[in-house]
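Based on these hints, arrange chain D on the given structure of chain P.
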Amino acid sequence: MSDDPNKIVLRDVHKRFGKKVVLDGLTLEVPRGKSLVVIGGSGTGKSVMLKCVLGLIRPDSGEILIDGQDSMKFNADQREQALRKFGMLFQGSALFDSLKVWENVAFGLIQGRNMPRKEAKDIALDKMGQVGLGPEVGELSPSELSGGMQKRVALARAIAAEPEIIFFDEPTTGLDPIMADVINDLIKSCVQKLGATTLSITHDMSSARKIADYVAMIYKGKIIWHGTAAQVDNSGNAYVDQFIHGRAEGPIKMEVLKP
Amino acid sequence: MNPLAIIGRVFLDFLVAIGRVTVFTFHGLRHIFAPPFYLRLLIKQMMSIGYFSLPVVGLTALFTGMVLALQIFIGAGRFNAESAVASIVVLGITRELGPVLGGLMVAGRVASAMAAEIGTMRVTEQIDALTTLSTNPFKYLVAPRLLAATLTLPALVLVADIIGVMGGYLIATHKLGFNAGSYMKNTIDFLETIDVVSGLVKAAVFGFVIALMGCYHGFHSKGGAQGVGKATTDAVVSASILILVTNYFVTELFFSGK
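Chains P and D, in that order, give the protein sequences.
Residue 107 in our numbering sits at position 107 of the first sequence; the count goes up by one each step and never skips.
In short: position in the second sequence from 1, add 259, done, that's our numbering.
The shape of chain P in the complex, shown without the other chains (with noise of 0.2 Å):
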């Protein structure tokens, strides 16, 4: 294991698709075991930061440490290797719907890990009770779930291979507020078992005081504030205290087009 306190840093990482900046010298620390959560806008590069730290999308420049080492520099093999430390929640669930529930939950295991599918499958009803689905579940389909329980199914499938780092991309988005809170606590009781690093992004507020050690916030691609999940309420800073307040009125310009 390494020394660094940091399980992941990201280091004035740019990246810009045309003419349009999205990320401009983004500079992030996550630290080992912790909970980070990046608040902003919509269009702030918040879901490309995370998809530069998994790859999914190579930054123009930059240095991204993963345990110290730089992801930009790993061959196929290595990046292999490295993603088998992730876990992720995606915005939309991103199920796969030609497979079961319980094929979504213990894919990783079967065709990441090649476990067996019957060792597979138990491992994958316990994560589904762990959040709340009972085994019937496992047998319909992503489609045939509301959108609180496809939420429920993703989480399970990120915390199934037992991730060391779990991203949560927006993980409470279009759910009721209810639904919400329930989510939320599925995810800070499922990390805290884990022991897992997160890093996770949204503009729901009270999701990210519920589930933050840290809280970072961007803005034009810039991390502009950062402090812990207390510190955030008296930060200090205009664009924080627009953004968590919700007023339309402040540092930060939405971009409308006037009638």
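Everything labelled a hint here was simulated from the structure, so no lab data went into it.
As the structure is a prediction and not an experimental result, all values here were calculated from the model.
Sample of chain P residues lacking proximity to chain D, with all beta carbon distances greater than 12 Å (derived):
| hint | residue |
| --- | --- |
| 1 | 27 |
| 2 | 122 |
| 3 | 231 |
| 4 | 236 |
Covered stretches of chain D, as calculated for chain P (at least 3 residues, CB under 8 Å):
| hint | stretch |
| --- | --- |
| 5 | 380 to 388 |
| 6 | 393 to 402 |
Ideal placement from N, C-alpha and C gives every residue a C-beta, glycine not left out.
Then chain D, alone, in the frame of chain P:
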């Protein structure tokens, strides 16, 4: 905008597309031959491409054979060459119409389905999810489809050849007054191994092209439902055009100088 600049832009875009398809093809081929192999997925794709395409390809072949017999009988009648019906039907079906029409029908059914399925997976982040679950999307999605289509199309076309020839036989013997025994004898006497083999090689090439276009356009789709729709259309159109283009080159390869 300057017309020359427009021509230049279109030409550059075309070169970029060729480059992308070439890289995609090499990736796909590499993953066909490198483990792990997804046998379960291969069988599922072979069923989907081959077995479930059988009705549409069979019907196409049957009516093509029937129409071919009728047309040749009418055309050949102008030269008192009606006896050539059997030989022209069997050569036409096995060399050209079986593989080409079969390939085009499968392109409409399979390339569109592949592009729609993979395209939907792309826009709903399911392909990203595969990567995060330590599964290479090329190996899991593209390689089984390429291999299944390449292996299955020849079998499908062989069945289509038989049905097409039988279609011609039915019309010739029941409507045009041919003797059944002599029609079959003419069919067999004029048929050479290369006629069937060239058709089956064409079918394998068409199968690869169909799966390649379905996967390529699905993989690169973006922009939600509209993007998936465009990927589906592009897959069918490009697969159909490539079938016609590669058909010429494979024919040239087999029969030039003969």
